[in-house]
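Asker: Sequence:
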Amino acid sequence: MRLDFRQSLAAELETRIKAAVESRNLPDQDAAVAAPAIVGALMEGLLGPLAPSPGDDAGARASVQAATLLALRALGVVDARARGLVAQCVLPE
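Per our numbering, residue 606 is the first one in the sequence shown, and the count goes up by one each step.
I should point out that these hints are in silico values taken from the structure, not numbers from a laboratory. Here the structure is a predicted model, which is why all the values come from computation and not from measurement. Each hint should be verified, as a subset may be incorrect.
[To be verified] Using C-beta positions, here's what the derived DEER-type ranges look like:
| # | residue 1 | residue 2 | range |
| --- | --- | --- | --- |
| 1 | P657 | R611 | 17 to 23 Å |
| 2 | F610 | S668 | 16 to 22 Å |
| 3 | S628 | R678 | 28 to 34 Å |
| 4 | Q670 | A642 | 18 to 24 Å |
| 5 | A624 | V683 | 18 to 24 Å |
| 6 | D684 | A663 | 20 to 26 Å |
| 7 | L675 | P654 | 16 to 22 Å |
| 8 | R678 | L655 | 17 to 23 Å |
| 9 | A667 | F610 | 22 to 28 Å |
| 10 | D684 | Q612 | 15 to 21 Å |
| 11 | L614 | G664 | 20 to 26 Å |
| 12 | M648 | T620 | 25 to 31 Å |
| 13 | T620 | A663 | 19 to 25 Å |
The C-beta atom is built at its ideal place from N, Cα and C for all residues, glycine as well.
Start from the sequences, fold in the hints, and give me the full structure.
Answerer: So this is what it looks like as C-alpha coordinates:
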(Lines of atoms letter the chains of each structure in order from A; the text may use other names.)
(Lines give C-alpha, C1' and ligand atoms only; values in the text may rest on other atoms or scores of the structure.)
Protein backbone atom coordinates (compact mmCIF):
# COMPACT_ATOMS: atom_id res chain seq x y z
CA MET A 606 0.00 0.00 0.00
CA ARG A 607 2.75 2.49 0.92
CA LEU A 608 4.68 1.63 -2.23
CA ASP A 609 1.56 2.13 -4.38
CA PHE A 610 1.00 5.55 -2.82
CA ARG A 611 4.61 6.59 -3.34
CA GLN A 612 4.59 5.36 -6.93
CA SER A 613 1.37 7.27 -7.66
CA LEU A 614 2.77 10.40 -6.07
CA ALA A 615 6.06 10.09 -7.99
CA ALA A 616 4.17 9.57 -11.26
CA GLU A 617 2.11 12.72 -10.69
CA LEU A 618 5.22 14.72 -9.77
CA GLU A 619 7.02 13.40 -12.84
CA THR A 620 4.19 14.66 -15.05
CA ARG A 621 4.29 18.08 -13.41
CA ILE A 622 8.09 18.31 -13.51
CA LYS A 623 8.09 17.45 -17.23
CA ALA A 624 5.48 20.14 -17.89
CA ALA A 625 7.48 22.71 -15.91
CA VAL A 626 10.68 21.81 -17.80
CA GLU A 627 8.88 22.02 -21.16
CA SER A 628 7.47 25.46 -20.27
CA ARG A 629 10.95 26.53 -19.10
CA ASN A 630 9.85 27.10 -15.51
CA LEU A 631 12.43 24.53 -14.37
CA PRO A 632 15.89 23.79 -15.76
CA ASP A 633 16.31 20.73 -17.97
CA GLN A 634 16.41 17.57 -15.87
CA ASP A 635 15.39 13.92 -15.86
CA ALA A 636 11.91 14.00 -14.33
CA ALA A 637 11.90 10.20 -13.94
CA VAL A 638 14.84 10.54 -11.53
CA ALA A 639 13.83 13.81 -9.88
CA ALA A 640 10.25 12.82 -8.99
CA PRO A 641 11.00 9.78 -6.80
CA ALA A 642 13.92 11.64 -5.22
CA ILE A 643 11.59 14.46 -4.20
CA VAL A 644 9.00 11.98 -2.90
CA GLY A 645 11.68 10.29 -0.82
CA ALA A 646 12.99 13.55 0.58
CA LEU A 647 9.53 14.78 1.53
CA MET A 648 8.30 11.50 2.99
CA GLU A 649 11.42 10.85 5.03
CA GLY A 650 11.84 14.48 6.00
CA LEU A 651 8.27 14.92 7.20
CA LEU A 652 6.91 11.47 8.07
CA GLY A 653 9.77 9.01 8.30
CA PRO A 654 11.58 7.79 11.38
CA LEU A 655 14.26 10.48 10.99
CA ALA A 656 11.74 13.32 10.75
CA PRO A 657 11.71 15.80 13.63
CA SER A 658 8.63 15.79 15.84
CA PRO A 659 7.25 19.32 15.90
CA GLY A 660 5.60 20.10 19.21
CA ASP A 661 2.90 22.39 17.84
CA ASP A 662 1.20 23.68 14.68
CA ALA A 663 3.82 26.37 14.18
CA GLY A 664 6.58 23.76 14.27
CA ALA A 665 4.69 21.53 11.85
CA ARG A 666 4.16 24.46 9.47
CA ALA A 667 7.84 25.40 9.66
CA SER A 668 8.84 21.80 8.85
CA VAL A 669 6.52 21.66 5.85
CA GLN A 670 7.79 25.00 4.55
CA ALA A 671 11.42 23.95 4.98
CA ALA A 672 10.81 20.67 3.15
CA THR A 673 8.92 22.48 0.39
CA LEU A 674 11.76 24.95 -0.09
CA LEU A 675 14.25 22.07 -0.18
CA ALA A 676 12.23 20.29 -2.87
CA LEU A 677 11.79 23.42 -5.00
CA ARG A 678 15.47 24.29 -4.71
CA ALA A 679 16.44 20.72 -5.61
CA LEU A 680 14.38 21.08 -8.78
CA GLY A 681 16.14 24.33 -9.64
CA VAL A 682 13.87 27.03 -8.23
CA VAL A 683 16.42 29.09 -6.33
CA ASP A 684 14.13 31.98 -5.44
CA ALA A 685 11.06 29.98 -4.35
CA ARG A 686 10.08 32.37 -1.55
CA ALA A 687 10.49 35.46 -3.69
CA ARG A 688 8.33 33.95 -6.43
CA GLY A 689 5.53 33.18 -3.95
CA LEU A 690 5.72 29.42 -4.49
CA VAL A 691 5.75 28.75 -0.76
CA ALA A 692 2.61 30.18 0.76
CA GLN A 693 1.19 30.45 4.25
CA CYS A 694 -1.88 28.26 4.78
CA VAL A 695 -3.94 26.78 7.57
CA LEU A 696 -3.19 23.15 8.29
CA PRO A 697 -6.21 20.84 8.14
CA GLU A 698 -7.34 19.45 11.48
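Asker: Is the hinted range of 17 to 23 Å satisfied by the C-beta distance from P657 to R611?
Answerer: 21 Å, holds
Asker: Given the hint of 15 to 21 Å, check if D684 and Q612 actually sit that far apart at their C-beta atoms.
Answerer: Violated - the Cβ-Cβ distance for D684 and Q612, about 31 Å, lies outside 15 to 21 Å.
Asker: For the pair L675 and P654, does the Cβ-Cβ distance stay inside 16 to 22 Å?
Answerer: Since L675 and P654 have Cβ atoms about 18 Å apart, the given range 16 to 22 Å holds.
Asker: Is 16 to 22 Å respected by the C-beta to C-beta distance linking F610 and S668?
Answerer: 20 Å, holds
Asker: Could you tell me whether the CB distance from S628 to R678 stays inside 28 to 34 Å?
Answerer: Given a distance of about 19 Å, which is not inside 28 to 34 Å, the answer is violated.
Asker: Can you let me know if the beta-carbon spacing of A624 and V683 is within 18 to 24 Å?
Answerer: Holds, since A624 and V683 (Cβ atoms, about 20 Å apart) stay within the stated range.
Asker: Verify the CB-CB distance for M648 and T620 against the hinted window 25 to 31 Å.
Answerer: The hint (25 to 31 Å, Cβ to Cβ) is violated, given that M648 and T620 are roughly 18 Å apart.
Asker: Given the hint of 17 to 23 Å, is the C-beta distance from R678 to L655 inside that range or not?
Answerer: 20 Å, holds
Asker: Could you check the hint for me, namely that L614 and G664 are 20 to 26 Å apart, CB to CB?
Answerer: 24 Å, holds
Asker: At the C-beta level, are T620 and A663 separated by a distance inside 19 to 25 Å?
Answerer: For T620 and A663 the Cβ distance comes to about 33 Å; the hint is violated.
Asker: State, for the Cβ atoms of D684 and A663, whether the hinted interval 20 to 26 Å holds or is violated.
Answerer: For A663 against D684, whose Cβ atoms are near 24 Å apart, the range 20 to 26 Å holds.
Asker: Determine whether the Cβ-Cβ distance between A667 and F610 falls within the hinted range of 22 to 28 Å.
Answerer: 25 Å, holds
Of the hints listed earlier, those the structure fails to meet are numbers 3, 10, 12, 13, in rising order.
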